[in-house]
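Peer 1: Sequence:
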Amino acid sequence: MRLLVLVLLLAVAAPAGSVVAAQPVARVTSSEGIVLLLRDGSRAPVAAAEPLFLDDEVRTGHDGRLVVEGDGGLTLVIGPASEVKLRRWLAPPQGGRVEAVLTMLTGVMRLFTAGRGERSIDVETRAAVASVRSTEWLVEATAASTGVFSVEGVVEVVASGATVQLTAGLGTDAVLGGPPAAPAAWAAQRLARVEAAVPRP
2 MRLLVLVLLL AVAAPAGSVV AAQPVARVTS SEGIVLLLRD GSRAPVAAAE PLFLDDEVRT
62 GHDGRLVVEG DGGLTLVIGP ASEVKLRRWL APPQGGRVEA VLTMLTGVMR LFTAGRGERS
122 IDVETRAAVA SVRSTEWLVE ATAASTGVFS VEGVVEVVAS GATVQLTAGL GTDAVLGGPP
182 AAPAAWAAQR LARVEAAVPR P
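Here the sequence shown is numbered in the numbering used here, starting from 2 and rising by one per residue.
Just so you know, the hints here were simulated from the structure itself, not pulled from any lab data. Ideal Cβ placement from N, Cα and C applies to all residues, glycine included. Some hints here could point you the wrong way.
[What the hints assert, rightly or not] DEER-style ranges, computed between Cβ atoms:
1) 49 / 183: 41 to 51 Å
2) 144 / 89: 17 to 27 Å
3) 186 / 48: 23 to 33 Å
4) 43 / 168: 22 to 32 Å
5) 164 / 24: 14 to 24 Å
6) 189 / 168: 12 to 22 Å
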């Protein structure tokens, strides 16, 4: 069962020689608090303007937050106590379809895109998979559930073989092992809490 996962780039530090042949797909543009990058079995604090590669994982502390800007105009704001891994990130240099797959084990994340190009963005969590064609959306995940909210555009959420589509202003929750709930507006207090954790830069 695919899980709704917002794949935040889990920043990871690695030996210099381990990424010689690889090209970065994103870069950390700002961070605060404790933010660790996991790469090739090692970990280190995220550095300013840190380049990120496929399979990098970022983990934030309870006071941590970072902004990641990637190829193809996709930006991630990863909030406190989050774990995100970059599984796939493909953005043709001459333009075209942007594809990304992120795994989010826990935490909160905002994703938004620039431009109008075609995109396929999947965030996989323990409880669901969110497939996005939208321009801005929020994801919060725990070990037992995943919540997804569309700020603008359309988000498709799949869990336990069931699918719901979210349009702007609607969200859903999926409990591990169960289908996503019917789309509904989030309570104002919840939406304010999530947006405060991952403010737009």
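Peer 1: Decide, hint by hint, whether the structure agrees.
Peer 2: So, going through the hints one by one against the coordinates:
The given range of 41 to 51 Å is respected by residue 49 and residue 183, whose C-beta atoms sit roughly 44 Å from each other. A beta carbon spacing of about 24 Å between residue 144 and residue 89 agrees with the range 17 to 27 Å that was offered as a hint. Our hint of 23 to 33 Å for residue 186 and residue 48 is violated, since their Cβ atoms are close to 40 Å apart. Range check, residue 43 to residue 168: about 42 Å between beta-carbon atoms, so the 22 to 32 Å window is missed.
Remark: the range hint 14 to 24 Å for residue 164 to residue 24 is contradicted by a beta-carbon distance near 34 Å. Checked against the hint of 12 to 22 Å, the C-beta distance between residue 189 and residue 168 comes to roughly 18 Å, which is consistent with it.
Hints 3, 4 and 5, counting from the list given before, are not met by this structure.
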